[in-house]
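Order-wise, the sequence lines are chains A and B.
Quick note on my numbering: the first sequence kicks off at 1 and runs consecutively.
Quick note on my numbering: the second sequence kicks off at 1 and runs consecutively.
Treat the hints loosely; a few may be bogus.
With a cut-off of at most 27 Å between alpha-carbon atoms, the simulated DSSO-like pairs for lysine-lysine come out as follows [claimed, not checked]:
#1 A:K69 x B:K11
#2 A:K110 x A:K42
#3 A:K49 x B:K11
Sample of chain B residues lacking proximity to chain A, with all beta carbon distances greater than 12 Å (derived) [stated by the list, open to error]:
#4 R22
#5 L43
#6 D63
#7 R64
#8 T70
#9 Q83
#10 L91
#11 R98
#12 Y104
It is worth saying that the hints were derived from the structure and are not from the lab.
Source: prediction; values computed, not measured.
Where a beta carbon is used, it is the ideal one built from N, C-alpha and C, also for glycine.
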Amino acid sequence: AQSVTQLDSHVSVSEGTPVLLRCNYSSSYSPSLFWYVQHPNKGLQLLLKYTSAATLVKGINGFEAEFKKSETSFHLTKPSAHMSDAAEYFCVVSNTGKLIFGQGTTLQVKP
Amino acid sequence: GAGVSQSPSNKVTEKGKDVELRCDPISGHTALYWYRQRLGQGLEFLIYFQGNSAPDKSGLPSDRFSAERTGESVSTLTIQRTQQEDSAVYLCAGGGFRWADTQYFGPGTRLTVL
């Protein structure tokens with residue numbers, strides 16, 4: 001069975017400081033991993049995805065994530081937070097088509 | 001349209017009534033998924049259609065839930081005898097034929113069961 005655990009339900013950073021959203025996964029097979037973002041009253045948007053190519057994946061809006069098999073992690077990072085990054089972030093695993101979502105991390109960005 | 005559309009955007013119903021939710025995927029997307037998002041939680045997989053193959057219904061929470069899809073077009077999710085715990089946002093997503101393909105989500109239908 002596949003699952004993801006987002007280690008923080010809420011992360012608060014100051015504008016201009018780095019962002020780290022943590023995710024651990026469990027999968028019997030080589031997984032595909034995704035990060036999705038959900039802004040208030042807007043639909044889910046794909047930030048980036050890992051599908052067994054390069055382990056460091058670059059996404060939109062300056063986000064990136066590194067796949068670490070030894071640690072079963074896929075943490076999301078950004079060097080410098082913007083106010084517009086405030087949203088709900090979901091780590092997602094898939095190896096059979098259907099997506100398995102984590103519980104989400106709310107990112108708050110303070111001015 | 002350019003994206004996945006869902007209707008209605010909001011639905012309020014009384015306990016015990018049936019509801020039908022609609023999803024119009026992006027043209028050419030062979031895969032179609034339904035998910036449910038309860039307040040403050042992540043998405044739960046409900047059902048998956050891929051082309052003309054038999055759907056994966058493993059996520060449907062009870063036999064009150066069913067879904068249909070005609071070919072590679074519109075899908076409807078039906079909930080019979082709604083219960084208050086069915087209140088959630090129901091999201092539809094479309095994608096390609098490979099399971100690693102990106103899924104494109106619609107805006108969702110917010111269902112409230114009174």
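Structure-based check of each hint:
no.	hint	verdict
1	A:K69 x B:K11	violated, 43 Å
2	A:K110 x A:K42	holds, 21 Å
3	A:K49 x B:K11	violated, 33 Å
4	R22	holds, 16 Å
5	L43	violated, 4 Å
6	D63	holds, 20 Å
7	R64	holds, 20 Å
8	T70	holds, 20 Å
9	Q83	holds, 23 Å
10	L91	violated, 7 Å
11	R98	violated, 8 Å
12	Y104	violated, 8 Å
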